[in-house]
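Letter by letter, the sequence shown follows residues 1 to 249 in our numbering.
Any given hint could turn out to be false.
Here are the simulated EDC-like pairs of lysine to aspartate or glutamate, each with C-alpha atoms no more than 16 Å apart in a straight line [unchecked claim]:
id	residue 1	residue 2
1	LYS216	GLU182
2	LYS216	ASP180
3	LYS4	GLU28
4	LYS110	GLU237
5	LYS58	ASP173
6	LYS48	GLU100
7	LYS157	ASP186
8	LYS202	ASP173
9	LYS81	GLU52
10	LYS131	GLU100
11	LYS216	ASP173
12	LYS73	GLU100
13	LYS202	ASP186
14	LYS157	ASP173
15	LYS58	GLU78
Please keep in mind that the hints were generated in silico from the structure rather than gathered at the bench.
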Amino acid sequence: MDEKTREIYEKYGINPEEREIENRKIIEERYNNIDSENKSFLDSLFKKALEENFEHYKHYLRNPRFYYFTDLKSTIGEIVKCLITESHTAAITLTNHFLERILKLALIQKASGTQPEKIKDWNETYSASDKYSSCTMNCTIKECKELGIITEYEFNKLTQLRQTVRNGFSHYDPKKILRDSENTIDLIDKSDSENKKIEGIKYKEIPTLQNFFVRKFTRENSEEYFDYVFNLMLNIERHFKTEYNKNAE
């Protein structure tokens with residue numbers, strides 16, 4: 001309590017210490033009520049989301065038998081949780097991480113070989129990790145294409161995703177995220193007595209509208225984006241299994 005407040009309390013015959021204790025109790029009770037309401041809201045939200053969405057996403061959690069991407073199972077689980085709870089921006093951001101990790105792991109695996117190695121040889125076997133860990137996504141996509149890990153179609157698709165979803169969300173650039181959308185929209189101004197049509201609003205440059213349309217984009221694209229990356233991982237897994245079988249002959 002500052003001195004000025006103390007003086008005011010004392011001026012009106014109020015005990016400063018007792019009033020401070022009362023104020024703290026009031027604030028604590030207020031926060032407890034807020035916490036209780038938020039907890040109840042989240043409990044209801046999570047239960048509703050699980051009930052409505054689990055069936056739709058459960059196939060991603062059936063633990064496919066990965067061999068080369070086993071350490072990505074936890075990331076898959078996190079993304080599915082986001083999709084179930086309709087946390088679409090979080091799902092896209094995590095899918096960006098998921099995609100970059102897939103491509104880098106693929107390059108490391110390509111360099112180290114598909115045959116099992118003894119633990120004592122791991123340091124030497126996986127030395128390529130240093131080479132690829134700091135690579136840009138543009139670099140990893142090109143390298144994967146050159147090494148035959150991904151197809152021409154996948155290369156083009158990943159290049160497009162890098163320019164929009166990955167770069168757009170990594171740097172939060174609405175113009176990149178919404179680059180495939182129209183540049184302007186028309187709005188109805190209802191602030192006056194007459195509804196007036198305002199044409200040519202550059203919504204990609206207006207923060208409030210940016211937020212609205214980016215959120216709309218995440219709702220419409222988070223599942224499709226994750227599904228594409230998930231299946232890309234399965235394709236690369238099959239690529240390495242085929243390579244393993246050839247080398248084992």
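So, going through the hints one by one against the coordinates:
1. Taken as a hint, the LYS216 and GLU182 pair is honoured in the structure, with Cα atoms around 14 Å apart against an allowance of 16 Å.
2. This hinted pair checks out: LYS216 and ASP180 have alpha carbons roughly 14 Å apart, not beyond 16 Å.
3. A distance of roughly 24 Å separates the Cα atoms of LYS4 and GLU28; the hinted pair therefore is violated under the 16 Å criterion.
4. Restraint check: the Cα-Cα separation between LYS110 and GLU237 comes to about 11 Å, which is no more than 16 Å; the hinted pair holds.
5. As the CA atoms of LYS58 and ASP173 are separated by approximately 32 Å, the hinted pair breaks the 16 Å bound.
6. At roughly 32 Å between alpha-carbon atoms, LYS48 and GLU100 are farther apart than 16 Å, so this suggested pair is violated.
7. Of the supplied pair hints, the one linking LYS157 and ASP186 is violated, its CA atoms being roughly 31 Å apart against a limit of 16 Å.
8. Between LYS202 and ASP173, the direct Cα distance comes to roughly 15 Å. Compliance with the 16 Å bound is thereby established for this hinted pair.
9. Taking the CA atoms of LYS81 and GLU52, the gap is near 13 Å; set against the 16 Å cutoff, the hint holds.
10. Between LYS131 and GLU100 the CA atoms are separated by roughly 14 Å; this keeps the pair inside 16 Å, and the hint holds.
11. This hinted pair checks out: LYS216 and ASP173 have alpha carbons roughly 15 Å apart, not beyond 16 Å.
12. At roughly 15 Å between alpha-carbon atoms, LYS73 and GLU100 fall within 16 Å of each other, so this suggested pair holds.
13. The hinted pair formed by LYS202 and ASP186 meets the criterion: a straight-line CA distance of about 9 Å does not exceed 16 Å.
14. Proposed proximity of LYS157 and ASP173 is contradicted: the alpha carbons are some 20 Å apart, above 16 Å.
15. At most 16 Å may separate the alpha-carbon atoms for a hinted pair to count; LYS58 and GLU78 meet this at roughly 13 Å.
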